[in-house]
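K.L.:
Protein chains in written order, with full-length UniProt numbering: chain A, 1 to 199; chain B, 1 to 199.
Keep in mind the hints are simulated off the structure, nothing from the lab. Mixed in with the good hints, there may be bad ones.
As the list claims (entries may be wrong) - Below are the BS3-like pairs computed for lysine-lysine, each with C-alpha atoms no more than 30 Å apart in a straight line: (1) 77/B with 3/A; (2) 23/A with 54/B; (3) 23/A with 126/B; (4) 162/B with 23/A; (5) 3/A with 56/B; (6) 3/B with 3/A; (7) 54/B with 124/A; (8) 56/B with 3/B; (9) 3/A with 99/B; (10) 99/A with 126/A; (11) 162/B with 191/A; (12) 191/A with 60/A; (13) 3/B with 99/A; (14) 54/B with 126/B; (15) 60/A with 99/A; (16) 24/B with 124/A; (17) 99/A with 23/B; (18) 3/A with 56/A; (19) 124/B with 77/A; (20) 56/B with 54/A; (21) 124/A with 124/B; (22) 56/A with 124/B; (23) 124/A with 159/B; (24) 60/A with 60/B; (25) 162/A with 60/A.
Number of protein chains: 2
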Amino acid sequence: MSKFIPSISRLIDEFARLPGVGKKSAQRLAFHIINMDQSQAVAFAEAILDVKRKVKYCEKCFNITDQDICDICTDNKRDTHLICVVETPRDLIAIENTKEFHGYYHVLHGAISPMEGIGPNDIKIKELIIRLQNDETSEIIIATNPSIEGEATAMYISKLLKGTDISVTRLAHGIPVGGDLEYADEVTLAKAIEGRRTL
Amino acid sequence: MSKFIPSISRLIDEFARLPGVGKKSAQRLAFHIINMDQSQAVAFAEAILDVKRKVKYCEKCFNITDQDICDICTDNKRDTHLICVVETPRDLIAIENTKEFHGYYHVLHGAISPMEGIGPNDIKIKELIIRLQNDETSEIIIATNPSIEGEATAMYISKLLKGTDISVTRLAHGIPVGGDLEYADEVTLAKAIEGRRTL
């Protein structure tokens, strides 16, 4: 059925494997590459290889970095009492972009999910606990996703730290700012009512 | 503002340059690459380079191919009286997929667009005319897009061939006006071929 020559089929398949890229989009992207200048295509391929060569995990917080310890962990102007625990480096960036958090981070690289066979030992929980023994942390903000897996992970960490003098907090649930109340789902709305605050 | 290390920023920029890929999607794709196996990332980069190394234009119809003459032009079971003129190789593939057309093709690689400074000499019209002098073509089906540029190109070719014994036809309406040929479904496109009219 396919009228593509092998090298094009292969590139389409590679694009189609990317998240959120369907067959038609993959074709469009492959033909975009075909129409690119040689130098642009080389730059693109090189960028892919380069990122794989250089990117590694911070030995302390497991954020992505091109050094042994990431820029955030080496920044000594931050609040050493606070650690924000996230599932992925992209969640870390989302929080950094708020400019509201000035502590350190810990990236779990996933969440506990019995359905997918991901247990506490498959993510960086052990590393968090070890780190807390040397750190002067007084509060852990668990910013895992508001999903079943994220909640399970939050509960697990909170139980592990029960009895220590580290307080464990969780991001507030509620209606997104600028969002429309009537479009909020019922669970979010219920959480928003439950977490209501005095004005 | 950006919290990304240079190699990641660069890959995000490369992805964001692709058509239909916004800043957020580019980030998602870049992080997907970071989480890929080394071998998968190498395969992806290699597919990009490979397509640029191998893909060239057919010397006869200007379809993309990895040989001097493409598979369609070397297929002698096709109807030598018919040439279907398209703007891009992707349009050619869309028509091939209908399985309703059994002639040959000619890929213009664009359409006449005074607005963008694209004149008749900037696309493969001259090559089409030269080709017709040697060919036994009796009908040209102009399958350029139903856009201003596509129509202008169709009119231009039709005027060039006025007075010759080659009949010039245009895809029938059925393709939504203002739509994009490559996104038309196969039934619509087949109807359009079936209902083609003399210009």
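K.L.:
Hints first: check each against the structure and report whether it holds.
P.N.:
These are the hints, each one checked on the structure:
1. 77/B with 3/A: holds (16 Å)
2. 23/A with 54/B: holds (22 Å)
3. 23/A with 126/B: violated (34 Å)
4. 162/B with 23/A: violated (41 Å)
5. 3/A with 56/B: Within the cut-off at roughly 15 Å; holds.
6. 3/B with 3/A: violated (43 Å)
7. 54/B with 124/A: Measuring from Cα to Cα gives roughly 44 Å; hence the hint is violated.
8. 56/B with 3/B: violated (40 Å)
9. 3/A with 99/B: It holds: about 11 Å lies between the C-alpha atoms, which stays within 30 Å.
10. 99/A with 126/A: holds (28 Å)
11. 162/B with 191/A: violated (73 Å)
12. 191/A with 60/A: violated (34 Å)
13. 3/B with 99/A: holds (11 Å)
14. 54/B with 126/B: Holds, at roughly 26 Å.
15. 60/A with 99/A: Satisfied, since the Cα-Cα distance of roughly 21 Å is no more than 30 Å.
16. 24/B with 124/A: Status holds; Cα separation ~26 Å.
17. 99/A with 23/B: holds (20 Å)
18. 3/A with 56/A: Violated. Residue 3/A to residue 56/A sits at ~40 Å, over the 30 Å cutoff.
19. 124/B with 77/A: violated (63 Å)
20. 56/B with 54/A: Since the Cα atoms of residue 56/B and residue 54/A sit roughly 33 Å apart, the hinted pair is violated (cutoff 30 Å).
21. 124/A with 124/B: Violated: residue 124/A and residue 124/B sit about 59 Å apart, past 30 Å.
22. 56/A with 124/B: violated (49 Å)
23. 124/A with 159/B: violated (71 Å)
24. 60/A with 60/B: Violated - the C-alpha atoms of residue 60/B and residue 60/A are around 61 Å apart, more than 30 Å.
25. 162/A with 60/A: OK: residue 162/A and residue 60/A at ~23 Å, within 30 Å.
In the structure shown, a violation is registered for the earlier hints numbered 3, 4, 6, 7, 8, 11, 12, 18, 19, 20, 21, 22, 23, 24, in ascending order.
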